[in-house]
Amino acid sequence: MPNLGIEVLFKGTNMARLLGGLWVSLRISLIAVGFSVLLGIPLGIIMTAKSKVIKAFTRLYLEVVRVMPQMVLLFIVFFGTTRIFGWNLNAELASVIVFTFWGTAEMADLVRGAFISIPKHQYESAKALGMNSLHVFLFVILPQTIRRLLPLSINLVTRMIKTTSLVMMIGVVEVLKVGQQIIEANRTSSPNAAFGVYGTVFLLYFIGCWPISMLSKYLEKKWSNT
Amino acid sequence: MSENKKEEIIKVNHITKRYDDNSVLEDFSLSVYEGEVVVIVGPSGCGKSTILRIMNGLEPIQKGEVTYRGEKVDGKLGSITRIREKVGMVFQSYELFPHKTILQNVMLAPVLVQKRDKKEVKEEALQLLARVGLAEKKDSYPRQLSGGQKQRVAIVRALCMHPEVLLFDEVTAALDPEMVREVLEVILSLAKEGKTMVIVTHEMAFAEAIADRVIFLDAGQIEEEGTAEEFFRHPKSERAKQFLNSFTYEKK
Ligand SMILES: Nc1ncnc2c1ncn2[C@@H]1O[C@H](COP(=O)(O)OP(=O)(O)OP(=O)(O)O)[C@@H](O)[C@H]1O
Ligand SMILES: [Mg+2]
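Chains as they are written, first to last, in this note's numbering: chain A, 2 to 227; chain B, 993 to 1244.
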């Protein structure tokens, strides 16, 4: 059997360091996801407004986020702000800002999409039963919106977790970076470490994201009721 | 007819309705009296749905006034929810709430809006569902029902609010032909009970059977008005004759 280079993981504190790196990735994505949801929901509701000005601004924001590679955003926020404003942003904070900026736009667009996908006659038949606007929103529109929204936003969360691997580019020591460091340090003693370490990193991402994506599939199936 | 003795429930008084620049109703008036079944017929696009929607405060109007028992019907006023409890409406599209079961669909508004006792509402809902032959569907979701079944639930849902008047807007238009009758039978049984109703329909045989008064609408104007017998057997206007002819076929 060929040497898979797994043994390096059991040397010293390597495994603990790798898990520590995973925790950094998860911490950044979870904080960013939290803020994205908190900011994205109200923004998405605002985006359903008919005002042309609001539409233009939110559209622009969304397009900027979609067009710019996340890495460019990271560089702008991390290196750019140091130069221009003289801020010395901590790399992890810069990452959270960039991921929140991105996640909020995507979340808001999902929320907007979910709200406008509720047919007009759902509002009307609820009103015709004597419900006031608050009743209509809380008991008829919101539950249907959440059902449409949840699988989609879970999908966004897994995308955000995966994309955190980019933050090592600005010096955050997350799981992939730790993996690289371990490989570098053992270059001579275990030349095959790259396979074992990256394989393990792959597994860790898989373990993190797979249950989430299964959950979204399950919810989608359960609620496919129109 | 003894209309004059009966109380006027809904009064549409010289209203004008425009969508942008397109005028749909101009100086239009119509009264609905207690216990009466008014059927509105007319070619597509003549404004039938618009009239029902205005009666339920779902469309703003530009001139005139609509009242329910003397009270102004206006979607912007707070009183509208109270009026809508009394003026129920069933639409053409299947508009049940997809995230709620059949029983929950029926119970939602009576419990939420009228603050009625849950147990009492449930009992009544089950009775009404049984009456339209859907008792065993109470825990199903709307997507598990046929179009005709959904429309019967929609009628039950409106009935459970104890409305004084029911507005029906082409409730069978989206149904397969074999499901039309099961829905119309329910409405016929309501008419027998003396329920006040305003019905828009393209089912002429049904209209003739159920109507106390037929309104023939053309381009937003009442072109002809009369009892079912008068309108369907002895139409006076050319337009009405043409319209009725469009429902019969002849082999040339
Ligand atoms: N939301 C709207 N915006 C603009 N125009 C509308 C709107 N709703 C209806 N109209 C127009 O108003 C006119 C009357 O429409 P309405 O729906 O009342 O007709 P109808 O008699 O119910 O027709 P049908 O038999 O096809 O249901 C039509 O010319 C229609 O194009
Ligand atoms: Mg219509």
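By construction, these hints were calculated from the structure, which means they are not laboratory data. Please note that the accuracy of each hint is not assured.
Label pairs and their calculated CB-CB ranges [said to hold, decoys possible]:
#: 1; chain 1: B; residue 1: Glu1115; chain 2: A; residue 2: Lys51; range: 52 to 60 Å
#: 2; chain 1: A; residue 1: Pro120; chain 2: B; residue 2: Lys998; range: 47 to 55 Å
#: 3; chain 1: B; residue 1: Phe1239; chain 2: A; residue 2: Leu139; range: 43 to 51 Å
#: 4; chain 1: A; residue 1: Pro120; chain 2: B; residue 2: Gly1067; range: 12 to 20 Å
#: 5; chain 1: A; residue 1: Phe138; chain 2: B; residue 2: Asn1005; range: 49 to 57 Å
#: 6; chain 1: A; residue 1: Leu143; chain 2: B; residue 2: Lys1064; range: 44 to 52 Å
#: 7; chain 1: B; residue 1: Arg1074; chain 2: A; residue 2: Phe138; range: 35 to 43 Å
#: 8; chain 1: B; residue 1: Phe1239; chain 2: A; residue 2: Lys56; range: 16 to 24 Å
#: 9; chain 1: B; residue 1: Ser1036; chain 2: A; residue 2: Leu143; range: 31 to 39 Å
#: 10; chain 1: A; residue 1: Lys56; chain 2: B; residue 2: Glu1000; range: 44 to 52 Å
#: 11; chain 1: A; residue 1: Leu139; chain 2: B; residue 2: Arg1173; range: 50 to 58 Å
#: 12; chain 1: B; residue 1: Pro1169; chain 2: A; residue 2: Gly114; range: 57 to 65 Å
In this text, a Cβ means the ideal position worked out from N, Cα and C, and glycines have one as well.
Right, here's what the structure says about each hint:
1. B:Glu1115 x A:Lys51: 52 to 60 Å: 44 Å Cβ-Cβ, so the 52 to 60 Å window is violated.
2. A:Pro120 x B:Lys998: 47 to 55 Å: With a Cβ separation near 38 Å, Pro120 of chain A and Lys998 of chain B fall outside 47 to 55 Å, so the hint is violated.
3. B:Phe1239 x A:Leu139: 43 to 51 Å: Taking Cβ atoms as reference, Phe1239 of chain B and Leu139 of chain A lie about 45 Å apart, which means the hint holds.
4. A:Pro120 x B:Gly1067: 12 to 20 Å: 19 Å, holds
5. A:Phe138 x B:Asn1005: 49 to 57 Å: 33 Å, violated
6. A:Leu143 x B:Lys1064: 44 to 52 Å: 30 Å, violated
7. B:Arg1074 x A:Phe138: 35 to 43 Å: 19 Å, violated
8. B:Phe1239 x A:Lys56: 16 to 24 Å: With Cβ atoms ~46 Å apart, the hint is violated.
9. B:Ser1036 x A:Leu143: 31 to 39 Å: 35 Å, holds
10. A:Lys56 x B:Glu1000: 44 to 52 Å: 46 Å, holds
11. A:Leu139 x B:Arg1173: 50 to 58 Å: 38 Å, violated
12. B:Pro1169 x A:Gly114: 57 to 65 Å: 36 Å Cβ-Cβ, so the 57 to 65 Å window is violated.
Checked against the numbered hints listed earlier, the structure breaks hints 1, 2, 5, 6, 7, 8, 11 and 12; every other hint is satisfied.
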